[in-house]
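Protein chains: 2
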Amino acid sequence: MAEIERIYELAEKYYTAENKKEIEKELKELLLPYKNGSVGIAQINPKAGDIEYNSEKIIRYINFAQNIGLDLVVFPELILTGFPLENSIENHPIIAEEGLKWLNEIAKITTETTALVGFVEPCEGKFYDSVAVLYNGKITDIIRKNLMPTNPEFNDYNFMTPSKTPNITEINGIKYQIIIGNDYGNIEQNSDVLINICAEPTKIKNEQIKHGVLSSLAQKYSVPVVYVNQVGATDRASFDGTGRVFDKDGKLISCTKSFEEQFLIVNPNKNLGKIYPTEILSVQPENQFSLDYEADMERTYKTLIQGIKDYFGKTGFQHAVLGLSGGLDSTVCAVLLTDALGKENVFGVSMPSKITSQTSKDDAQVLAQNLGIGFTVAPIKDMFDTTNSCLQNLFSEVEKHWDCRYKQSFTADNIQARSRAMFLWGVSNEFGSCLPVATSDKSEAYMGYATINGDMSGGFAPIADITKTKLFALAKWLNKNRTQKNAIPQSVIEKRPGAELAIDPKTGKPLIAEDALMPYEFLDEVIWRIENKKENYNIMLNSEFLYEKSHPVTREQKTMWLDKFFRRMSTALYKKSIMPPYVIVDSPSYNSKQPITSCGINYKGTEPGEISQKIKQWL
Amino acid sequence: MAEIERIYELAEKYYTAENKKEIEKELKELLLPYKNGSVGIAQINPKAGDIEYNSEKIIRYINFAQNIGLDLVVFPELILTGFPLENSIENHPIIAEEGLKWLNEIAKITTETTALVGFVEPCEGKFYDSVAVLYNGKITDIIRKNLMPTNPEFNDYNFMTPSKTPNITEINGIKYQIIIGNDYGNIEQNSDVLINICAEPTKIKNEQIKHGVLSSLAQKYSVPVVYVNQVGATDRASFDGTGRVFDKDGKLISCTKSFEEQFLIVNPNKNLGKIYPTEILSVQPENQFSLDYEADMERTYKTLIQGIKDYFGKTGFQHAVLGLSGGLDSTVCAVLLTDALGKENVFGVSMPSKITSQTSKDDAQVLAQNLGIGFTVAPIKDMFDTTNSCLQNLFSEVEKHWDCRYKQSFTADNIQARSRAMFLWGVSNEFGSCLPVATSDKSEAYMGYATINGDMSGGFAPIADITKTKLFALAKWLNKNRTQKNAIPQSVIEKRPGAELAIDPKTGKPLIAEDALMPYEFLDEVIWRIENKKENYNIMLNSEFLYEKSHPVTREQKTMWLDKFFRRMSTALYKKSIMPPYVIVDSPSYNSKQPITSCGINYKGTEPGEISQKIKQWL
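If you're matching them up, the sequences are chains A and B in order.
Everything in the first sequence is counted per my numbering, starting at 1 for the first residue and increasing by one.
Everything in the second sequence is counted per my numbering, starting at 1 for the first residue and increasing by one.
For the record, the hints were derived by calculation from the structure and aren't laboratory data.
Treat the numbers as computed from the prediction; the structure is a model and nothing was measured.
Among the hints, erroneous ones may be present.
Since the list can't tell identical chains apart, any single copy or any two copies may satisfy a pair.
Below 16 Å or equal to it, Euclidean Cα-Cα: the simulated EDC-like pairs (lysine to aspartate or glutamate) are [unchecked claim]:
| hint | residue 1 | residue 2 |
| --- | --- | --- |
| 1 | K220 | D249 |
| 2 | K108 | E610 |
| 3 | K175 | E188 |
| 4 | K495 | D515 |
| 5 | K604 | E52 |
| 6 | K248 | E18 |
| 7 | K407 | E548 |
| 8 | K549 | E18 |
| 9 | K101 | E610 |
| 10 | K616 | E52 |
| 11 | K25 | E52 |
| 12 | K614 | D50 |
Assemble the whole structure, with the sequences as input and the hints as a guide.
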């Protein structure tokens, strides 16, 4: 229908249009037949704790909804205060108090459109995860969330109290049931529309599950379901939005864009809606590790771009400076930064040492040219020589006191990485609004294969949740799918990664990371099995890896790799704890934490016989 | 009574004694009159996740309890697996599975003494915070915790499921009721002894409250109470132990040593017990900020020493290297490291620049001599010159691209701090088992008055939870109370702190920190008010600070300081997020976290009038 197309055309234009009043007028007329039961899904990107910033967005959307005559406008969970706020809720009660003050003022602007606004409700020293119903100048009702999540992903329970309240609001004869988050135990049988108000981070598997759950709810209660979700990123959590409407048979009738602010007009009772394409929904859940990342690439890319954009934007930084080694990690970071911040805001520094190959130097330069970002070469030879010479004097003194000097140390490797970080932090100190970027990836973060105060140092670490094999896939995808094709030199994708900090005595060439660690394909599957299947050492040892299907691996070799993995993972816990903030893309929890002092965990387990043998010795 | 004294004398000797069998025999005879109802409080220090390590301790204590004929031996909450384990419980289910295997084997060694062993109980994909009752070779019962804490201090709820189970066990005609943590809602009226099994971190206020709660419980139910608590530290959480027994009138009849592993033999029904002195109990709760830290010094010192010792010990590090600037922070760190690790394991490096004063250089050297730690001087001139010269070239290049170069930057200041960190991390890379120590204190951490990859960089940050005014008090206390008096040069305590990174153009002398920030006495009270009273900007502005009692402060000046505090605190969130692990001594939560992207919080709040004004503009 041409009228429906026109509705969505106008709604999309609205925010950047100059003739807002005219658009509102036309929209109001077009929507007249759909008025009763019409809902605006306001999928917005808040700043955690910045009530004024969030209020402005809320008010503009309420105003729009009212001007076009909608019955109802719905915002995501906790939108007024922003989510997550962690301890700030407790430490700074002024956030919730301010929220309440603003909420009262926001209520005053409402007329005939009802607004559902999520907020942290302070009440007698406690805090609740609540939704206010605003109508005709007043807060007419407050609904509280009862089932607070207890899975490790969230810690809302630590800051907000569960509480059961009535949750049905009637608007123009239609009964809306308001469910916050996964509080599905609160659903009663007597409503006409179910509104599900959420703030749920993007997760490849969650999307599948969420879609199924919402569809089933609609069928179970034979009621249309409107799902509204937060969009945007905080330090680590990234929300995709992807609001959805299902009819009472569980069929998807509307879907917002993912990773974008959007105002979607729907009427679940009158079949008004539009399904914007969102790749996420087509991704199949996987039970097996696979190198076919294709189906998840669009989500991965958008999550990364949103994460970078929002971290810089919300902390007030404009410029990024990073080292360009000519390797995969820094290359992919540079492309992502360019797309997220604009090429004029990115500066790459090639910082070669005597180990750096000519190919690496060339690749760095070609990449910078392709992207059009700032670029220069700053050799680290002088830094290395001076540091090395100062340290040799210092080491001789320490050696007089301690007899534990290593015969072979990584000191020289690390001086190189740290000299580079000195340069980048120097630029950050000298130029306004400039953040240095750490280029560590997930495979190397697990292995502690990164230098403290070196390559893992920075104000933000874009790809620290992307494994190496997925990064290769992402590099290829970027070359194929960005407007500018093949920005990444082919040799970057083809060469075997290595830090170029040391020469391999066996080959006389720069050390290859896989030779020092293990094949990335194997390593990434170990990580995948831990994070997704919670598998332990022995289960892994005794089941076939994808890598084994194409490469003969002896049990001895596999044992060696697994031993190395768990040993390195344990000693890398400290490094992981001081990794700069990064975008969570693949990890099951954005809240993951393992104590550094728990490095003595026996991941292999012990045989029962062994245990009784040991006990005998102690008695 | 001489016999009772002999009991405690023997029990204290036992672990280091060679004639264990003789001691056991004598103890068994001495304890005969107290056998019925006798309890051993096994206050032990576990390693999180290291089941074998913890099991050995548990087995040795059960064995001891059996050999001396006790009815019951009680261990702290979750002792078998260690606490806290955070996400590791979920990510590595093998920890709980291994725990169960070991528990079954431990049960086999029990004969006539009942043992209560806390563990993470895995059951059908869920985990429970449980206590196993071991007797006569078997697990005879399992009690689960029902009330999981939901305050921000803990996140157990994220990893373990609440569950209500019967909790009374009868031993030789006496009914013991077992309460895990604060699960006091589970108490029934029909027991003879209440056993409270906990893992609660040390907190100055908690100790007061805990003591009162336990005493009240005894009175309320007219039943003796035995309280057993974990001792030792993990990354941040520090447990003081301080096991206690109250008679049925709520009177303290036994108390273990704080911050030490100990096995205390008691019989709450036969008045057998000993009260070891523990300063903690005498500390009064405070409602007002005060510079009189004296009453809390012993707890502070022991918490710090335990924290350092356990972090190094549990992560397997032996040596510490730190920069000695001659300032308060590094001086106090050096003393604490010496006491925790032994002087032979500490190396101090004086790294003067041209700004460093002669007094500072002298103080660093005198301190090292006094402590007997390793010491050398490594000037940073060459590092500074080389870095500075390299950076100037780099800056000219960047300047061609970006026109946001600062006229006055902190680049030179930071080069100095980072050069020093380069030296310390170099030593760490070159020498075995050596951790560099970050010397940041709490006042400066709040203000972001520290250099990333500089003085706030290290493997551990001992004093990052101690404010500057408390550090001064601690320095004086150390000079008075350590065996070696006055190790800290008087001038360190007398001079006004400054980083000696820059010259104050107003004075021509090194910049004094209080001139750049605000008086520490004022700053520390702001921190205290936020952490303890959750006060906001306006409440602080309108109430009198301790500092104001002795110094005239205009409202304008106070406004300026408060503005600066909240502004700096917001921009320092990133720095706080990458601070190395530190001992929590004073913070109300060892789990505190504020999103970096929440830097837009308006701590001042807005007037209602302002809000409606702003809303008008947006409509």
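| field | Numbers of unmet hints, in rising order | value | Hints 6, 7, 8 and 11 contradicted; others consistent.
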